[in-house]
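**Student:** Protein sequences, first through last, are from chains A and B.
The numbering of the first sequence is my numbering, which starts it at 1 and goes up by one.
The numbering of the second sequence is my numbering, which starts it at 1 and goes up by one.
If you're looking for bench data, these hints aren't it; they were derived computationally from the structure.
Careful: at least some of the hints might be erroneous.
[Unchecked claim] Taking beta-carbon pairs under 10 Å as the criterion, some of the chain A residues facing chain B (in silico):
| no. | residue |
| --- | --- |
| 1 | 28 |
| 2 | 106 |
| 3 | 115 |
| 4 | 121 |
| 5 | 128 |
| 6 | 136 |
| 7 | 139 |
| 8 | 222 |
| 9 | 225 |
| 10 | 344 |
Think of the CB as a built atom: it goes at the ideal place given N, C-alpha and C, for glycine as much as any other residue.
Listed here are the chains, written in short residue letters.
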Amino acid sequence: MQLGLLLVQIAIIVIAARCVGLLFRRIGQPQVMGEMVAGIMLGPSLLGGLAPDLSARLFPAASLGFLNSISQVGLLVFMFLVGLELNPKLLRGRGHTALVTSHASIVIPFFLGSLLALLLYPRLSDASVTFTGFALFMGAAMSVTAFPVLARILTERGLMRTRVGSVAIACAAVDDVTAWCILAVVVAIVRSSDGALPVWATVAGSLVFVAWMVLVVRRALALLERRYEQNGRVTQDMLAVILLVALSSAWATEALGVHALFGAFLAGAVMPKGEGFVHALTGKLEDVTVVLLLPLFFAFTGLRTHIGLVEGGEMWGYCALIILVAVVGKFGGSAVAARLTGMNTREAAAIGALMNTRGLMELVILNIGLDIGVISPAVFAMMVLMALATTFMTSPLLELVYPARLIRRTRLDAAGDAEPRERPHVAA
Amino acid sequence: MSRRTRKTLAIYAVLVGLPLLGLAAILRAGGRLHAPPPVTGEWRIEGAAVAAGTDTAVQALAISQSGVYLDVALGSLSLRGRFVGDSMVAERRGRSVRADGACFRDAGVRVRMRVDGEVRPRRMAGVLESDGRGCAPVAFTAVRAVPARRRR
């Protein structure tokens, strides 16, 4: 592998991500949506189809391992930032609506995803994967919500200080944690059938590790926040300690048979949640991760997404069904739960539209599924299309069901209420 | 317990409890489903090499599988197919623009394969057929070389 080729690859990926990202921003979409599309465009679905020789020269198969390694490091840092952004305070005082909506917005799409697996397993999977592993993975993939994208949309639309915003962000926080826990179990089940650690050992080990992180490491990390308050900044030594905690946690969960990303997420979740500390730490890590490293992950995802595998009416039918089930499960499940627990129809529909955003988190989960062999390349391509479709539809759907004039009116009504200050959000 | 709490519990039972029960039923029902055998990877052709497309001596075929759907690369031939029962049938996608041999240029080409599920490493028997005039079917057997799934 030549360093020169790697640098050219990175430059092309960053340019494509920024250009397409900005283009999408101009049409009212989150920038991350454009960056995801840019990754697909650099893969066999577009560049590889239009200019196969150029594609083979720019992204030879032998070079992808390096690209993947760098993107995985970026993803670890990103998952750490997502965990860092989660704040248990988001869940307090949100009442019945948030409790029921958050649980329903996980369980209903999970159920529908597993139901869909009854149809897809004999047709799009093979006997090396158990039905249980396939169905649970499909359920987990359907139930994910892109917490960072959702937070960004709420901030951009001024929804953070409304009832819709506070319920949606609380639900997304619960969804994220739950989806990752479910995924950890799915990965443990699939890997145990490969002769790795038995499921009970993985689950027991993970529970002990989570308890260790929450009860011991979290308290030790509180010292860092005190140091931050004394110094007024996150020093390089503090950053080194924090990164070591994140990397150690990632290594531990990988060794336990779950996945390194779960450990990075957990490390972020147990970090101190003081606003200044979180803001300073995010500022140190976010820009390079979002601008440089995440596009590499999108490109790597794009390079392994062969939309050409979805061929013929039958397969496009399955793809349409996947998208339909994803939308009905997440949008429908969240909206019905919110409506039944006291929100008006427009607010409930807005909650549904927001929770339906899958974005980057879906791509992370799908890549894990493809890596461990629980989904086939064609299912991967269909699910990537589903992630793009559900993320793309969020802004227009939200504008349709909960237009800006209603948001302004709601904010005026709420003016004077004591609302929590907006927090910094990871941009992707 | 207040009326509102009772109502919330009832909604919770319907929206969360029932789907969880349904999930348990799905996992039980799905245990009886059968998926096609895994065939992804490279298969080494045993014995005499097969003439296919522009290549006069093909000694391996590569299969990429998504459930019942297959992409087969045999020499310069790229074929798309699927499982039909226990057998696999794949046909060439479009016409070849290369100067293939008479049996492969502008002629329909298909390969039929059947995996022996009992033996390890897995083996398959196949026949390469061409619609070209005077082209006899070529029979071959192949053994699975590298299972490509389950990357870490």
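**Student:** A closest beta-carbon separation below 10 Å is what the hint needs, so does residue 115(A) meet it against chain B?
**Tutor:** This interface hint holds because 6 Å falls under the 10 Å limit.
**Student:** Have a go at the residue 136(A) hint: is there a Cβ in chain B nearer than 10 Å to its own Cβ?
**Tutor:** OK, holds: residue 136(A) within 10 Å of chain B, min 8 Å.
**Student:** Should the interface hint for residue 128(A) be scored as holding, given a Cβ-Cβ cut-off of 10 Å against chain B?
**Tutor:** Holds - the Cβ of residue 128(A) comes within 10 Å of chain B, reaching about 4 Å at its closest.
**Student:** Quick check on residue 28(A) please, does its C-beta sit within 10 Å of some C-beta on chain B?
**Tutor:** violated, 32 Å
**Student:** Would you check whether residue 139(A) satisfies its interface hint, that is, whether its CB is within less than 10 Å of any CB in chain B?
**Tutor:** At about 7 Å, which falls below the 10 Å cut-off, the nearest Cβ of chain B leaves the hint on residue 139(A) intact, so it holds.
**Student:** Measuring from the C-beta of residue 222(A) to each C-beta in chain B, is the shortest one below 10 Å?
**Tutor:** Cβ of residue 222(A) sits 34 Å from chain B, so the hint is violated.
**Student:** Measuring from the C-beta of residue 121(A) to each C-beta in chain B, is the shortest one below 10 Å?
**Tutor:** Nearest chain B Cβ about 5 Å off; hint holds.
**Student:** Hint validation: residue 225(A) versus chain B, beta carbon distance must be below 10 Å. Holds or violated?
**Tutor:** violated, 36 Å
**Student:** Per the CB criterion, is residue 344(A) less than 10 Å away from chain B?
**Tutor:** At 16 Å from the nearest chain B Cβ, residue 344(A) fails the 10 Å test, so the hint is violated.
**Student:** Using the nearest Cβ pair, does residue 106(A) come within less than 10 Å of chain B?
**Tutor:** holds, 9 Å
Checked against the numbered hints given earlier, the structure breaks hints 1, 8, 9, 10 and satisfies all the rest.
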